[in-house]
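For reference, the chains in residue letters:
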Amino acid sequence: MKTSWMKRQQHLGYLFIGPNMIGVILFFIIPAIYSFYLMFTDYKFMSPDTKFVGLDNIQRMLGDEVFYIAIKNTLMFLLSVPVSIGLAFIVAVVLNRSVYLKKLLRALYFMPYITSGVAVAFVWMLLFQPNNGPINGILRAIGIANPPGWLSTMESSMYAVDIIWIWFMLGYNMIIYLAALQEVSGELLEAAKIDGARTWQTVRSILWPLVSPTTFLLLITGLIMSIKQFGIIQAITQGGPGNSTTVLSLFIYQNAFRYYEMGYASAVSWALFVIIMIFTVVQWLGQKRWVHY
Amino acid sequence: MNKAVFNKSLITLVMLFLSIVMIVPFLWMISTSFKTPAEVFQYPIQWIPVHFNWSHHVKVWTGENSFMLYYLNSLKVSVLSTIGAVTLSSLAAYGFARIQFRGRDTMFMVYLSMMMVPPQVLFVPKFIMFDWAGIYNTHWALILPGFFTIFGVFMMRQFFLSVPYEISEAAFIDGAGHFRIFSRIILPMAKPSIATLAIIDFSWHWNDYENALVFLIDHDLFTVPLGLQNFILENNVDYNGMMAAATAGIIPMIIVFLIGQKYIIEGVASSAVKG
Chain R
1 MKTSWMKRQQ
11 HLGYLFIGPN
21 MIGVILFFII
31 PAIYSFYLMF
41 TDYKFMSPDT
51 KFVGLDNIQR
61 MLGDEVFYIA
71 IKNTLMFLLS
81 VPVSIGLAFI
91 VAVVLNRSVY
101 LKKLLRALYF
111 MPYITSGVAV
121 AFVWMLLFQP
131 NNGPINGILR
141 AIGIANPPGW
151 LSTMESSMYA
161 VDIIWIWFML
171 GYNMIIYLAA
181 LQEVSGELLE
191 AAKIDGARTW
201 QTVRSILWPL
211 VSPTTFLLLI
221 TGLIMSIKQF
231 GIIQAITQGG
241 PGNSTTVLSL
251 FIYQNAFRYY
261 EMGYASAVSW
271 ALFVIIMIFT
281 VVQWLGQKRW
291 VHY
Chain P
1 MNKAVFNKSL
11 ITLVMLFLSI
21 VMIVPFLWMI
31 STSFKTPAEV
41 FQYPIQWIPV
51 HFNWSHHVKV
61 WTGENSFMLY
71 YLNSLKVSVL
81 STIGAVTLSS
91 LAAYGFARIQ
101 FRGRDTMFMV
111 YLSMMMVPPQ
121 VLFVPKFIMF
131 DWAGIYNTHW
141 ALILPGFFTI
151 FGVFMMRQFF
161 LSVPYEISEA
171 AFIDGAGHFR
181 IFSRIILPMA
191 KPSIATLAII
201 DFSWHWNDYE
211 NALVFLIDHD
221 LFTVPLGLQN
231 FILENNVDYN
241 GMMAAATAGI
251 IPMIIVFLIG
261 QKYIIEGVAS
271 SAVKG
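Chains R and P, in that order, are what the protein sequence lines are. At the far end of the first sequence sits residue 293, using the UniProt record's numbering, and the numbering has no gaps. At the far end of the second sequence sits residue 275, using the UniProt record's numbering, and the numbering has no gaps.
Note that these hints are calculated values from the structure, not bench results. All values derive from a computational prediction rather than experimental measurement.
Taking beta-carbon pairs under 10 Å as the criterion, some of the chain R residues facing chain P (in silico):
| # | residue |
| --- | --- |
| 1 | Ile17 |
| 2 | Leu104 |
| 3 | Gly263 |
Label pairs and their computed distance ranges (CB to CB):
| # | chain 1 | residue 1 | chain 2 | residue 2 | range |
| --- | --- | --- | --- | --- | --- |
| 4 | R | Ile25 | P | His51 | 51 to 61 Å |
| 5 | R | Arg258 | P | Leu72 | 24 to 34 Å |
| 6 | R | Gln59 | P | Phe151 | 33 to 43 Å |
| 7 | R | Phe36 | P | Leu72 | 35 to 45 Å |
Beta carbons are placed, not taken as given, at the ideal position from N, Cα and C, and that holds for glycine.
Given these sequences and hints, build the entire structure.
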């Protein structure tokens with residue numbers, strides 16, 4: 001809408017946006033450009049001469065075994081996203097129906113998301129102790145003689161991280177679904193009931209399609225958020241045992257700030273950017289097939 | 001008891017049980033922080049310790065690695081960042097939502113695209129820039145970038161767009177300019193949104209581990225997440241102490257959450273569904 005007051009004092013627009021824009025330029029745009037340049041250098045922190053090395057970093061990356069392990073681990077980490085979304089949908093549908101203590105329940109499910117990732121990382125580290133941790137204690141008590149080693153073995157560590165992440169994200173996804181479900185008109189559900197639809201049919205043929213834009217949004221933002229995440233994994237496993245939980249974002253952090261291979265780290269970080277782009281574009285193209293607006 | 005009430009109660013019980021599964025790690029954490037070392041991994045789990053052992057909490061709050069220091073550092077960083085972020089986001093959001101000027105939509109597209117850039121891309125150059133500017137390993141390395149949140153601009157813009165245009169129009173006819181419309185009319189109406197953004201932003205800064213990890217070295221600058229990590233690295237066999245430290249790390253956010261629950265939940269929901 002173009003009205004006279006919106007157009008008056010146009011120059012003031014720069015005054016309103018200016019302060020924020022300066023920060024966005026300083027802390028987002030310039031670093032992004034700078035990082036793009038660093039990708040083609042052998043920059044190491046504290047070393048005086050930095051050489052332009054062309055595509056060496058990219059070649060090194062493509063020949064680096066750990067880079068591929070990190071991609072595989074990242075994909076395994078991302079498996080937790082649809083699982084968490086699925087569980088959150090079920091919880092949200094139930095909580096949206098008539099239950100007592102609705103507010104309390106909502107808060108309890110949301111609690112993990114608000115707490116510090118580092119603190120919960122350490123709690124899970126103890127819960128997952130293979131020999132005498134409470135989780136394996138319970139598993140043994142219900143008759144599982146050889147419970148997994150969780151964070152301590154290369155085979156199971158990524159699954160343990162996935163479980164933690166599913167738990168962490170569940171409340172967030174649920175809150176978003178609850179907001180979406182509240183917009184579903186009661187009349188529609190009433191009509192379905194009159195037509196004799198069962199609960200399961202209502203959920204599958206009415207609620208699930210109606211909230212599909214939300215599912216799509218949660219999937220895109222969840223994947224992007226998870227792909228960037230490294231705090232929890234750094235705190236729990238620091239990528240180990242071996243490289244079994246080294247995801248791409250952690251691999252970048254380690255190269256940059258543990259080995260000070262900052263040129264190389266910049267190259268890998270742009271690979272991460274490309275992966276995020278691909279994810280976003282593929283989902284954007286794919287959404288027409290299953291998202292109902 | 002009629003059938004509807006019975007069903008409702010049954011579902012509530014099931015959901016309550018599952019929600020306890022969600023918070024069981026916290027319950028175990030608190031319970032363990034009061035136990036003796038021998039009781040940590042006792043099975044079946046003893047949820048309420050026989051004797052409450054306060055010594056681990058005392059250790060966390062006194063001595064060289066006191067959480068007092070981490071709390072003060074985190075409070076400083078989080079409060080200053082949040083004040084800056086809310087102020088600058090509101091200003092910019094008003095500009096984007098309510099003033100027409102050349103290049104506005106292009107600028108907004110640039111903002112949008114910056115959300116796609118992973119923080120890992122920015123860490124190394126920011127590290128070099130901060131070192132060069134002399135703010136590396138100071139709290140400013142966390143506070144200054146904290147002033148600028150693209151999410152904050154989006155959230156506030158969304159709210160300003162929902163305020164009826166007639167209100168601004170009327171003020172304009174009465175002779176008010178944009179600054180007056182912003183400060184006297186729109187901003188007071190935006191109080192709930194400001195509270196929402198402030199609480200969400202505060203929780204980000206309080207829990208921010210990644211930036212602190214990259215930009216701080218000196219122990220006396222550590223914020224709560226780094227302090228927690230430090231405590232655990234130095235006491236890695238003292239499981240009770242670890243859990244007392246984790247409790248100290250989590251309690252402030254739980255308090256903030258209980259106070260601002262409505263704002264946090266609505267803010268999270270509206271930012272995703274509408275934004």
